Amino acid sequence: AGTMTGDIAPKSGRRVVVIGGGWGGSTAARYIRIADPTIEVVLLEPNREFVSCPFSNLVLSGQRSIESLTLSYGGLRARGVKIIHELATAIEPDTKRVRIGEGYLAYDRLVVSPGVDFQWEQVEGLAAARDTVLHAWKAGPQTVQLAAQIQSMPDGGVFVLTVPRVAYRCPPGPYERICQVAWYLKGNKPKSKVIVLDANPNIVSKTGLFRAAWRAYPNIDYRASQKVVAVDTSTREVRTEFDRVKYDVLNLIPPQRAGAIAVQADLVGADKRWCEVDHVTYESVKQKNIHVIGDATIGLPVPKSGNVANNMGKAAALSIVSLLNGQAVPLMPPGNTCYSWVSDREAIAVVNAYKIENGKVVQIEQKLTPAQSVSVAQRAEGWRQSIWADMLS
Amino acid sequence: RAAGPLDDPGFAKVITCAACHGANGNSGSDMMPIISGLDPAYFKRQIENYAAGKRPSPEMEPYAKEVQFLGADQIAAYFAAQKRVPTPIRVSAEAAARGKTIAAQCVVCHGPDGKGEAARLIPGLAGQPPGYLAQQMALFKGDTRDPGDPLLAAKKALMKIIPDGQFADLAAYYSSLR
Ligand SMILES: Cc1cc2nc3c(=O)[nH]c(=O)nc-3n(C[C@H](O)[C@H](O)[C@H](O)COP(=O)(O)OP(=O)(O)OC[C@H]3O[C@@H](n4cnc5c(N)ncnc54)[C@H](O)[C@@H]3O)c2cc1C
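In order, the protein sequences belong to chains Y and U.
Just so you know, the first sequence maps onto residues 1 to 393 in my numbering.
Just so you know, the second sequence maps onto residues 1 to 178 in my numbering.
Keep in mind the hints are simulated off the structure, nothing from the lab.
Bear in mind that the values here come from a model prediction, so they are computed numbers and not experimental data.
Backbone N, C-alpha and C fix where the C-beta goes; we use that ideal spot for every residue, glycine too.
Do not rely on the hints blindly, as some may be mistaken.
[Stated by the list, open to error] Computed spacing ranges between beta-carbons, pair by pair:
hint, chain 1, residue 1, chain 2, residue 2, range
1, Y, Lys11, U, Gly4, 15 to 25 Å
2, Y, Pro301, U, Leu121, 52 to 62 Å
3, U, Gly71, Y, Gly299, 25 to 35 Å
4, U, Ala97, Y, Lys11, 58 to 68 Å
5, U, Gln166, Y, Ala129, 55 to 65 Å
6, U, Ser92, Y, Lys272, 25 to 35 Å
7, Y, Gln363, U, Gly71, 44 to 54 Å
8, Y, Glu365, U, Gln166, 48 to 58 Å
[Stated by the list, open to error] To spell it out: a stretch of chain Y is covered by chain U in this simulated footprint if at least three of its residues, at any positions, have a beta carbon under 8 Å from a beta carbon of chain U; those stretches are:
hint, segment
9, 302 to 312
10, 351 to 359
11, 365 to 377
Working from the sequences, and respecting the hints, build out all of it.
Structure (structure tokens):
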């Protein structure tokens with residue numbers, strides 16, 4: 001970074017720039033190339049490799065390695081996506097440019113899929129402690145560090161996990177994580193326990209299925225409506241509105257908002273957190289020619305999931321191709337399936353299908369697996385394989 | 001602008017399917033069926049049965065309703081037109097050979113090469129992933145796939161007398177056919 005000045009890559013034909021090579025951005029870049037390879041696609045992503053958040057809770061229980069969740073961008077490159085491993089630092093909607101430090105890139109249309117950033121300031125003491133108090137809510141080094149902390153915790157130690165109030169990335173994610181850590185501790189540190197401080201009044205997603213799964217884990221102490229307001233790493237203590245709780249290992253999942261670039265570019269609404277978009281094209285309601293997808297969005301009746309980000313990536317890509325070619329945009333409702341692992345071999349799932357009515361996404365139906373099972377876990381593996389290929393191959 | 005997949009209006013209607021069934025319906029995993037090249041009438045029958053809850057599947061019931069909303073005819077035609085790529089999953093040659101000796105009972109419906117018979121709504125089994133095939137056999141045997149459907153009475157009667165232990169071999173055999 002910092003070495004780039006001026007027009008980094010002068011634009012000759014039609015170009016789409018994609019900010020963020022995660023679940024939404026990779027898919028969008030890939031599908032633009034599939035649908036119309038005459039359109040140039042430039043993807044900005046600081047990370048050299050893709051690390052999957054889905055399945056990363058299994059790293060905490062030792063069922064999977066982080067390497068097994070780390071994927072190459074080679075498939076996108078082979079499709080002609082130009083990848084620049086840099087952070088977009090600003091967006092200039094009027095001149096249709098993305099800034100990268102001193103340099104810039106021109107676009108015809110822009111896709112913004114920056115995921116989430118954390119609201120450190122919402123928890124007293126967190127901003128100063130953010131390198132040692134782990135979130136592990138972006139799969140990568142923090143996932144590995146948290147796994148190591150859990151492994152080296154003494155038997156009898158207390159693992160505290162805090163869940164922010166909705167809306168946050170992956171509604172069932174914290175509860176899957178609780179299952180995985182409780183499963184590991186039950187077998188390896190039987191005197192240890194998991195204390196859950198949930199800012200929400202109840203388990204946010206798949207409530208009954210998680211409750212049923214937790215019957216196998218008497219080591220879980222679940223406390224609802226306990227919003228964390230402060231953390232003190234010197235006394236190893238978190239404070240809620242009502243209580244103080246000591247920890248040996250802390251996993252504090254902070255409140256979240258759209259990735260910083262979306263805030264900086266004024267794509268967020270009055271709450272300064274999330275971006276409102278058109279339900280058909282994902283074009284920002286605030287800025288023309290900029291399409292926002294994935295966790296950064298709000299207003300659709302969909303969860304912040306990888307599967308939804310993937311579907312939004314396709315819908316945005318095919319909308320953009322249609323618009324650039326002067327054709328009608330087809331209606332492409334999203335869809336969602338979230339598998340959660342409740343032990344080393346069993347999983348549960350929630351499935352949502354949608355339609356588009358009068359320009360708005362409406363849910364057709366939500367369905368849960370009747371119970372946890374090995375066969376659901378096998379289908380989760382199938383989903384993982386297919387959707388990874390759908391983003392990156 | 002070059003000709004592209006968007007020229008087929010079905011393409012934009014099936015974006016949600018690839019997360020499980022793979023590119024163009026060619027699933028590469030063990031438990032998700034390949035849906036490319038399926039006969040349209042068979043395809044639509046499955047969509048109707050899923051949507052009605054007769055073929056119970058927490059994944060497919062919502063998606064089947066989405067298919068009905070977007071237009072089942074067009075989506076069935078889209079997948080029927082996709083070239084079928086057999087599963088990449090390899091089975092043991094011994095299991096496939098054992099399966100072949102038992103499969104004589106299936107030929108009358110699924111054909112000598114496992115390609116099925118579209119006119120009788122009988123699907124091809126050749127090249128489907130083995131895990132999926134074995135699981136469906138168990139579902140027929142337990143009468144949980146389309147319980148009580150008269151069209152399937154003969155098939156289920158046969159399934160009931162096949163020991164569970166033979167499903168994996170039958171699945172290996174049909175999965176290995178090309
Ligand atoms: C523990 C856990 C488990 C989960 N399990 C599941 C699951 O089982 N199923 C499921 O569907 N979802 C799951 N999710 C949710 C899923 O990971 C997210 O919903 C998904 O990653 C959202 O995609 P996105 O594109 O919005 O963001 P991301 O995938 O986070 O991608 C954003 C990318 O943008 C890049 N970026 C950010 N700012 C810039 C910038 N200024 N310039 C350039 N690049 C930038 C980042 O480096 C990042 O790579 C899980 C999440 C977690 C944390």
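Hint-by-hint comparison with the structure:
no.	hint	in the structure
1	Lys11/Y - Gly4/U: 15 to 25 Å	holds (21 Å)
2	Pro301/Y - Leu121/U: 52 to 62 Å	violated (36 Å)
3	Gly71/U - Gly299/Y: 25 to 35 Å	holds (26 Å)
4	Ala97/U - Lys11/Y: 58 to 68 Å	holds (60 Å)
5	Gln166/U - Ala129/Y: 55 to 65 Å	holds (60 Å)
6	Ser92/U - Lys272/Y: 25 to 35 Å	violated (59 Å)
7	Gln363/Y - Gly71/U: 44 to 54 Å	violated (19 Å)
8	Glu365/Y - Gln166/U: 48 to 58 Å	violated (37 Å)
9	302 to 312	holds (count 3)
10	351 to 359	holds (count 5)
11	365 to 377	holds (count 7)
Checked against the numbered hints listed earlier, the structure breaks hints 2, 6, 7, 8; every other hint is satisfied.
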